[in-house]
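Peer 1: So you can see what is in the structure, the chains are spelled out below.
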Amino acid sequence: MSKNLKMSGADIFFESLREEKVEYIFGYPGGSTLKIYEKLYDVNFLKHILVRHEQGATHMAEGYAKATGKVGVVLVTSGPGATNTVTGIADAYMDSVPIVVFTGQVPTHLIGNDAFQEADIIGITRPITKHSFLVRDVKDLASSIRKAFYIASSGRPGPVVVDLPKNMIATECDFEYPEKLSIRGYKPTYGGHLNQIKKAARMIAKAKKPLLYVGGGVIMANASNELTAFANENGLPVTMTLLGLGAYPGSDKLSLGMLGMHGTYWANQAVNNCDVLVSLGARFDDRVTGKVETFAPGAFKIHVDIDPTAIDKNVIVDLPIVGDVKNILPELMSEMQEKPSIDDWWDKIEAWKKECPLAYNTSDGELRPQYVIERISELTKGNAVIVTDVGQHQMIATQYYKFIHPRSLLTSGGLGTMGFSVPAAIGASFGITDKPVISISGDGGFQMNMQELITAVAYKVPVKFIIINNSFLGMVRQWQELFHAEKYSFTDLGPSNPDFVKIGESLGIPSWSTDKIDAVDTLIKKAMSVKDGPSLIEFKVLKEDMVFPMVPSGGSISDMILERLNPKRMV
Amino acid sequence: MKHTISLLVENSFGAFDRVATMFSAKGFNLHSITIGETEIRDISRMTIVTSGDDQFISQVVKQLNRLIDTIKVIDLTKNDRTERELALITVQYTKGVLEELKNINDIFRGKVVDINNKSVTLEITGPPAKVNAAVNVLMPYGIKEMARSGTVALKRGEQLKNAKKELDMKKL
Chain F
1 MSKNLKMSGA DIFFESLREE KVEYIFGYPG GSTLKIYEKL YDVNFLKHIL
51 VRHEQGATHM AEGYAKATGK VGVVLVTSGP GATNTVTGIA DAYMDSVPIV
101 VFTGQVPTHL IGNDAFQEAD IIGITRPITK HSFLVRDVKD LASSIRKAFY
151 IASSGRPGPV VVDLPKNMIA TECDFEYPEK LSIRGYKPTY GGHLNQIKKA
201 ARMIAKAKKP LLYVGGGVIM ANASNELTAF ANENGLPVTM TLLGLGAYPG
251 SDKLSLGMLG MHGTYWANQA VNNCDVLVSL GARFDDRVTG KVETFAPGAF
301 KIHVDIDPTA IDKNVIVDLP IVGDVKNILP ELMSEMQEKP SIDDWWDKIE
351 AWKKECPLAY NTSDGELRPQ YVIERISELT KGNAVIVTDV GQHQMIATQY
401 YKFIHPRSLL TSGGLGTMGF SVPAAIGASF GITDKPVISI SGDGGFQMNM
451 QELITAVAYK VPVKFIIINN SFLGMVRQWQ ELFHAEKYSF TDLGPSNPDF
501 VKIGESLGIP SWSTDKIDAV DTLIKKAMSV KDGPSLIEFK VLKEDMVFPM
551 VPSGGSISDM ILERLNPKRM V
Chain Y
572 MKHTISLLVE NSFGAFDRVA TMFSAKGFNL HSITIGETEI RDISRMTIVT
622 SGDDQFISQV VKQLNRLIDT IKVIDLTKND RTERELALIT VQYTKGVLEE
672 LKNINDIFRG KVVDINNKSV TLEITGPPAK VNAAVNVLMP YGIKEMARSG
722 TVALKRGEQL KNAKKELDMK KL
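In the order they appear, the protein sequences are chains F and Y. Going by our numbering, 313 is the number at position 313 of the first sequence; the sequence numbering is gapless. So the number in our numbering is just where the residue sits in the second sequence, counting from 1, plus 571.
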């Protein structure tokens, strides 16, 4: 952009987004952002997606960012527009998703006056943002936007809020987009400490029972190839966290699947018995560790993370390496003097696999969520982007869908946000056009943001919306049955659930429903064949089914509940 | 164990709030927190007193470093340091007691900064432990009001070398 050109704040806003190569804005107009929308009318280098609720906008931005690795952008008005983004921002913070949220704000001279549609969004979001900017001088606008994108996408990514007072958007100043950027308080570490890496290589080489514990950081760092090479070269077993699934091909023999609360029996046994645990871009979340004292008790723990605060936060480790896992893995590989000899360890793991495989009842003819997910996995062969909601269907998806590629599972991990799937899948669909995007929700979560179906229709987004309807808030119901005296308090949605097919049809979405096992394949294929807009399938599944194995909250691997194939029937 | 942490932060909108919010969001305890200008116009110095074991303190330092507006964090506890706190203490007095209060004030090398016929305000400055001692001694006389500044601290020794380092950094 040519220098020293007088421009309004709104023009500067768009020129800055052009510099950042923004393709999509997920937004909703309002009083404080009118001037921006006035300019937007003539902007043609990016596309604005009009959502139906600002929470939907933030989840769409997350879905887009998680699927593509690019920064997701949100634009909302002040007050309620801004506060509606809070859940999405918190979600992005927990799962380290790079999004920049632009919020309108009342004019600077009215800030603090309880003006119409005023909310202190900077204050409200302070604990859930990586950083935030309140633009109090239009001269700072361009540099704030530049910094916001840089901070959101570098180091450990995260959400950044930029608050734009109405008068700043209207005021003019010279525009110059800063080329170089230096933030003296922000210098992420990318290269790992070589001596630490050498030591790690020695530990892994002489390990008898090593295990790679892989988190979402590997996917964010685009380090799946490096991971795959390292694991294959040394024949190391790989277990992944919820956000790490897809970092290593789930169909490969080295993959043990997911660990943790609803992880596989063999992955959890491997963690429990390993002698060297190599954590790559994972943060020892409580859903992974259970009771911290009994987590990988005998293991020498190596922790690779770009965020120094993740080290020793939940679990004290023996060897921390701060840096970018994409740089560290190749170094680790070249430092390995020999391959560990671990045939006995693999024998043990194979025995655990046989001892307690994933299983569900197929004999009673009832449609079960496990079957639906298995069929989706089989029919897509892993070449799809699966966007789950939160709850039983999410955990079942981790168990029964074979994720082969990074960024093929988009899910709300840390915050566990119900209502994530529908908008996040729409956002992903804008970024990913060469693979089908499949949203999987329960009947509860689907209803939390189903207004965004309208957005999907408006933009002819070919998302396949799948509802696993068990008429219950299934995961809460599961805890009620197991740990809360079978008091099924306010988890029964059945009596008031809407007719999901009619909802879809009222929007012109091809929609189907079934409770028959033999209709599953046909309907999935039908939905997959809809290319010019969304499609919807409701699978009515067994009400009382539960997710196993399960390590109760705060429990040890030895407390694992393995299976209960014949659930108690509720009348 | 008590730790005194000194940090240089951007003298910008919200830098103080971010530090305070981080402490409350993480559930970290906070004995005192101060902020003031430095010799550099756009940098402020904060002094934080907190307590916990080594793991906790290392997590606090890392979390402080993680904030974008934080330029430098030092746990001064590991260093030779000067720590000072200022307290303004208003004590009630009756006839005859004033002399005693004056003596106590002298022992603590304080200053009488205000007096009327019912109460006297003393200014006590020194390491926090000395201020605590003064408060304890004055307590029986009836402290009417008290204001403490919280701890401010600076590293001692090797000043030249580190001052240069800090200056170099500020130039960035």
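Certain hints may be false.
What the hints assert, rightly or not - List of simulated lysine-lysine pairs, DSSO-like, C-alpha gap at most 30 Å:
(1) F:Lys70 - F:Lys402
(2) Y:Lys689 - F:Lys187
(3) F:Lys198 - F:Lys326
(4) Y:Lys573 - F:Lys139
(5) F:Lys209 - F:Lys435
(6) F:Lys187 - Y:Lys726
(7) F:Lys206 - F:Lys139
(8) Y:Lys649 - F:Lys326
(9) F:Lys526 - F:Lys353
(10) F:Lys187 - Y:Lys633
(11) Y:Lys715 - F:Lys198
(12) F:Lys402 - F:Lys487
(13) F:Lys381 - F:Lys180
(14) F:Lys187 - Y:Lys673
(15) F:Lys6 - F:Lys206
(16) Y:Lys649 - F:Lys199
(17) F:Lys291 - F:Lys208
(18) F:Lys339 - F:Lys209
(19) Y:Lys643 - F:Lys291
(20) F:Lys187 - Y:Lys573
(21) Y:Lys726 - F:Lys291
(22) F:Lys70 - F:Lys209
(23) Y:Lys573 - F:Lys180
(24) F:Lys21 - F:Lys199
(25) F:Lys199 - Y:Lys573
(26) F:Lys208 - F:Lys381
(27) Y:Lys643 - F:Lys326
(28) Y:Lys682 - F:Lys187
(29) Y:Lys597 - F:Lys180
(30) Y:Lys633 - F:Lys70
(31) F:Lys487 - F:Lys435
(32) Y:Lys573 - Y:Lys633
(33) Y:Lys649 - F:Lys180
(34) F:Lys47 - F:Lys35
What the hints assert, rightly or not - In silico negatives: residues of chain Y with every beta carbon more than 10 Å from chain F:
(35) Arg589
(36) Thr592
(37) Arg612
(38) Ser629
(39) Lys633
(40) Arg637
Please keep in mind that the hints were generated in silico from the structure rather than gathered at the bench. Where a beta carbon is used, it is the ideal one built from N, C-alpha and C, also for glycine.
Peer 1: For the pair we were handed, Lys649 of chain Y and Lys326 of chain F, check the Cα-Cα distance against 30 Å.
Peer 2: With a Cα-Cα distance of about 35 Å, the restraint between Lys649 of chain Y and Lys326 of chain F is violated, given a limit of 30 Å.
Peer 1: Under the criterion that the straight-line Cα-Cα distance not exceed 30 Å, is the pair Lys187 of chain F, Lys573 of chain Y satisfied?
Peer 2: It holds: about 29 Å lies between the C-alpha atoms, which stays within 30 Å.
Peer 1: Compare the distance between the alpha carbons of Lys689 of chain Y and Lys187 of chain F with 30 Å, and conclude whether the hinted pair is satisfied.
Peer 2: violated, 57 Å
Peer 1: Does the structure keep Lys206 of chain F and Lys139 of chain F at a Cα separation of 30 Å or less?
Peer 2: Between Lys206 of chain F and Lys139 of chain F the Cα gap is close to 58 Å, so the pair fails against 30 Å, i.e. violated.
Peer 1: Please verify whether Lys198 of chain F and Lys326 of chain F have alpha carbons no more than 30 Å apart.
Peer 2: Judged against 30 Å, a Cα distance of about 16 Å means the pair holds.
Peer 1: Given the hinted pair Lys573 of chain Y and Lys180 of chain F, is their Cα-Cα distance within 30 Å?
Peer 2: Answer violated: Lys573 of chain Y to Lys180 of chain F is near 41 Å, above 30 Å.
Peer 1: Taking 30 Å as the top limit, are the C-alpha atoms of Lys649 of chain Y and Lys199 of chain F close enough?
Peer 2: Within the cut-off at roughly 28 Å; holds.
Peer 1: Could you grab the alpha-carbon distance between Lys597 of chain Y and Lys180 of chain F and see if it respects the 30 Å cut-off?
Peer 2: Violated, at roughly 34 Å.
Peer 1: Do the alpha carbons of Lys339 of chain F and Lys209 of chain F lie within 30 Å of each other, as the hint requires?
Peer 2: With a Cα-Cα distance of about 12 Å, the restraint between Lys339 of chain F and Lys209 of chain F holds, given a limit of 30 Å.
Peer 1: Between Lys633 of chain Y and Lys70 of chain F, is the straight-line Cα distance small enough, at 30 Å or below?
Peer 2: At roughly 27 Å apart (the allowed maximum being 30 Å), Lys70 of chain F and Lys633 of chain Y satisfy the hint.
Peer 1: Is Lys70 of chain F within 30 Å of Lys402 of chain F, Cα to Cα?
Peer 2: holds, 25 Å
Peer 1: Evaluate the condition: distance from the CB of Ser629 of chain Y to the nearest CB of chain F exceeds 10 Å.
Peer 2: violated, 7 Å
Consistency note: the structure conflicts with the earlier hints numbered 2, 4, 5, 7, 8, 9, 11, 12, 13, 14, 15, 19, 21, 22, 23, 24, 25, 26, 28, 29, 31, 33, 35, 36, 38, 39, 40.
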